[in-house]
Amino acid sequence: MHFKTLSLGIAIGLLASTASFAAVDTKRLPPKEEKFSFEGPFGTYDRGSLQRGYQVYKEVCAACHSAGHLAFHNLTEKGGPEFTEAQAKALATAAKVPAEPNDKGETTDDKGVPLLRSATLADHLPSPFPNEAAARANNSGALPPDLSMIVKAREGGPQYVYSILTGFHGKTPTGFKVTEGKYFNPYFEGWNISMPPPLAANSVTYSDGTKATVEQEAHDVVTFLSWASEPKMEERKQLGFGVLIFLVALAGILFAAYRRVWKDAH
Amino acid sequence: MSGPSTYTPKSGIEKWIDARLPLPRLMHDTMQTFPTPRNLNIWYTFGGILTFCLAVQIVTGVVLAMHYVANAGLAFDSVEAIMRDVNYGWLIRYVHANGASMFFIAVYIHMFRGLYYGSYKAPRELIWIIGVLIYLLMMAAAFFGYVLVWGQMSFWGATVITNLFSAIPVVGTHIATWLWGDFAVGDATLNRFFSLHYLVPFIIAAVVGLHIWALHVPGNNNPLGIDVKTPQDTVPFHPYYTVKDAFYLVLFVIVFAVFVFYAPNFFGNPDNYQQANPLVTPPDIVPEWYLLPFYAMLRSIPNKLAGVIVMGGAIVTLVFIPWLDTSRVRSCRFRPTMKWLFWFFAISCVILGYCGSQPVDKAFAGIPLVWIARLTTLYYFGFFWVLMPIIGLIETPKKLPASIAQSVLGDSAATPAE
Chain A
774 MHFKTLSLGI
784 AIGLLASTAS
794 FAAVDTKRLP
804 PKEEKFSFEG
814 PFGTYDRGSL
824 QRGYQVYKEV
834 CAACHSAGHL
844 AFHNLTEKGG
854 PEFTEAQAKA
864 LATAAKVPAE
874 PNDKGETTDD
884 KGVPLLRSAT
894 LADHLPSPFP
904 NEAAARANNS
914 GALPPDLSMI
924 VKAREGGPQY
934 VYSILTGFHG
944 KTPTGFKVTE
954 GKYFNPYFEG
964 WNISMPPPLA
974 ANSVTYSDGT
984 KATVEQEAHD
994 VVTFLSWASE
1004 PKMEERKQLG
1014 FGVLIFLVAL
1024 AGILFAAYRR
1034 VWKDAH
Chain B
43 MSGPSTYTPK
53 SGIEKWIDAR
63 LPLPRLMHDT
73 MQTFPTPRNL
83 NIWYTFGGIL
93 TFCLAVQIVT
103 GVVLAMHYVA
113 NAGLAFDSVE
123 AIMRDVNYGW
133 LIRYVHANGA
143 SMFFIAVYIH
153 MFRGLYYGSY
163 KAPRELIWII
173 GVLIYLLMMA
183 AAFFGYVLVW
193 GQMSFWGATV
203 ITNLFSAIPV
213 VGTHIATWLW
223 GDFAVGDATL
233 NRFFSLHYLV
243 PFIIAAVVGL
253 HIWALHVPGN
263 NNPLGIDVKT
273 PQDTVPFHPY
283 YTVKDAFYLV
293 LFVIVFAVFV
303 FYAPNFFGNP
313 DNYQQANPLV
323 TPPDIVPEWY
333 LLPFYAMLRS
343 IPNKLAGVIV
353 MGGAIVTLVF
363 IPWLDTSRVR
373 SCRFRPTMKW
383 LFWFFAISCV
393 ILGYCGSQPV
403 DKAFAGIPLV
413 WIARLTTLYY
423 FGFFWVLMPI
433 IGLIETPKKL
443 PASIAQSVLG
453 DSAATPAE
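Protein chains in written order, with the numbering used here: chain A, 774 to 1039; chain B, 43 to 460.
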């Protein structure tokens, strides 16, 4: 397909989708300016926020979204939520994943229900739906994206995801009508999002006593998802600091050598 | 590689080897005693930097290939496995991905330096033409590599670029099908791109060998653009340029490291962290930054075939530069008019890149970007095909210095340095 036809097609598509609300420009709003601890060259993930964020993911998001690139053992790793191995094992055991074929080669019981087993540390986080069709069927045709890399895969990163999570419940502008079965969220392109508002005050009960406001839950889960996207970030920044110190020192030595060699040559 | 050799084997072993395979002699003559103009500036360090970039890409690439799976169903996840499960996989991949961008930054500086100082002019035409070939091979390697990630931009970029061949009359669609190995970009395409992505860098390495061989015949050009006349105009490559190249290389690596460790996705597109999906077209398909000027040319021409010809012509034009430039003087330092036209050219390349990065229907200060791209495309071709031949004939160059040594050392040029 040619890019011209392509862009033209997209342009027409956009025109068509906005034609019914001609008065309103449904371009997404710039994300909110939420600050996170992991920003900047020395920023690290807030351990408490990561652990609370995992709780929000598990108790709220995981009902519809997978995070398939994460394994339970990742939850114990340095630079992550750093649950103890016992904690992570308990979390894994509580999760059910499809079982391997049993001695008779069966993967379902007599009634045809798929056999499940407890997860181990080696297992990846289970997916809420067995396949894409099942996911769409349960979400009025929309596919909840996998969240393992959502923060890296969206322009605007953590601020974008945070804005989406906290961007519901605004007053619908006059002239804009929310599509049937969709929800108004001005931080989402087109303003119509298939995801119902996922967070409410006290959606989760934090064991560390943190007050579970929508903003707090969103902040925590975005921290968790940022780690899920970039689990080696702390290691990367730390190693980078050492590498840069070495390189600057090497440059200094080489500069001295350079000056000395060229002393009489120009 | 050429010229009289100054190598004298010292030990018995060296004599034995020299009589059979004079590799030590070659290294000695090209990397140690090679007479190099004493006035080379910072912009001449990029040749060495580029060799370093190629080596980094090959070494990291070989390791990545040990863990990568060239299969449309597994490729994307295998890249993520490298990022998460392979020891220092994140580092190797980020070095390789940012390495491509650093490679192009270096090659563009190297090319603009060649243009500014007239390094393509006789007797260095072949060095320049071989360089254009390397640049073409680099673009091919980069394109193949970007597809391997098998993200959304990988897939749709591959679709747009391979579809360009379908613009060729009569046989176009057949060529596209032949390239894909299928009727669309798919598993067969991914596998052949992986094979080619592994092959091309070694071809580049070989052609770089030719590039350096050709360089060692006439020797380096220099910022004055005048020939080396006496031994006082030069210094031996080692230690003068080994130490200078090493210093600037480390400065380059510092910039490289800042990207790798602190902004590893700066040059990337977020859409490429979503797996390729033939059913969902991204709103804006954008190639990697180093191809944007050509992409802007392509998009600014309403006819597809004409667009492809213009884009290809922009690169083919580079081959003819040695004969399009009619000036007797090489360096723009002594070309008052050409100097300005050169900088306009450099700016127009940046403007083209900007136009290529923006959605097609965008405007800047009320002027549609597509028209800005058309004007700058016109300047691109006009610069080489019209201005270069004409200005070379009518321009009065400034007076050239008598020699490199005199220009660098002033009156002390008469006395030999060290």
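It is worth saying that the hints were derived from the structure and are not from the lab. Since this is a predicted model, take the numbers as computed values, not measurements. Cβ atoms here follow ideal geometry from the backbone N, Cα and C, with glycine treated the same way. Where hints are given, some of them may not hold.
[What the hints assert, rightly or not] When the alpha-carbon atoms are kept at most 25 Å apart in a straight line, the in silico DSS-like pairs for lysine-lysine are as follows: (1) 404(B) to 440(B); (2) 869(A) to 884(A); (3) 404(B) to 346(B); (4) 441(B) to 800(A); (5) 1036(A) to 271(B); (6) 441(B) to 271(B).
[What the hints assert, rightly or not] Sample of chain B residues lacking proximity to chain A, with all beta carbon distances greater than 10 Å (derived): (7) 77; (8) 155; (9) 225; (10) 295; (11) 304; (12) 316; (13) 358; (14) 361; (15) 437.
Hints and how they fare:
1. 404(B) to 440(B): violated, 43 Å
2. 869(A) to 884(A): Roughly 19 Å between the alpha carbons, so the hint for residue 869(A) and residue 884(A) holds.
3. 404(B) to 346(B): holds, 20 Å
4. 441(B) to 800(A): This hinted pair is violated, its Cα atoms lying about 59 Å apart.
5. 1036(A) to 271(B): holds, 23 Å
6. 441(B) to 271(B): Holds, at roughly 17 Å.
7. 77: holds, 13 Å
8. 155: The claim stands: residue 155(B) keeps its Cβ more than 10 Å from every Cβ of chain A (closest is about 19 Å).
9. 225: Residue 225(B) clear of chain A: closest Cβ-Cβ about 12 Å, beyond 10 Å.
10. 295: Incorrect as stated: the minimum Cβ-Cβ distance to chain A is 6 Å, not above 10 Å.
11. 304: The claim is violated: residue 304(B) sits with its nearest Cβ about 5 Å from chain A, within 10 Å.
12. 316: Non-interface label on residue 316(B) violated, nearest chain A Cβ at 5 Å vs cutoff 10 Å.
13. 358: At about 21 Å from chain A, residue 358(B) clears the 10 Å cut-off, so the statement holds.
14. 361: holds, 26 Å
15. 437: holds, 30 Å
When the structure is compared with the earlier hints, violations turn up for hints 1, 4, 10, 11 and 12 and for no others.
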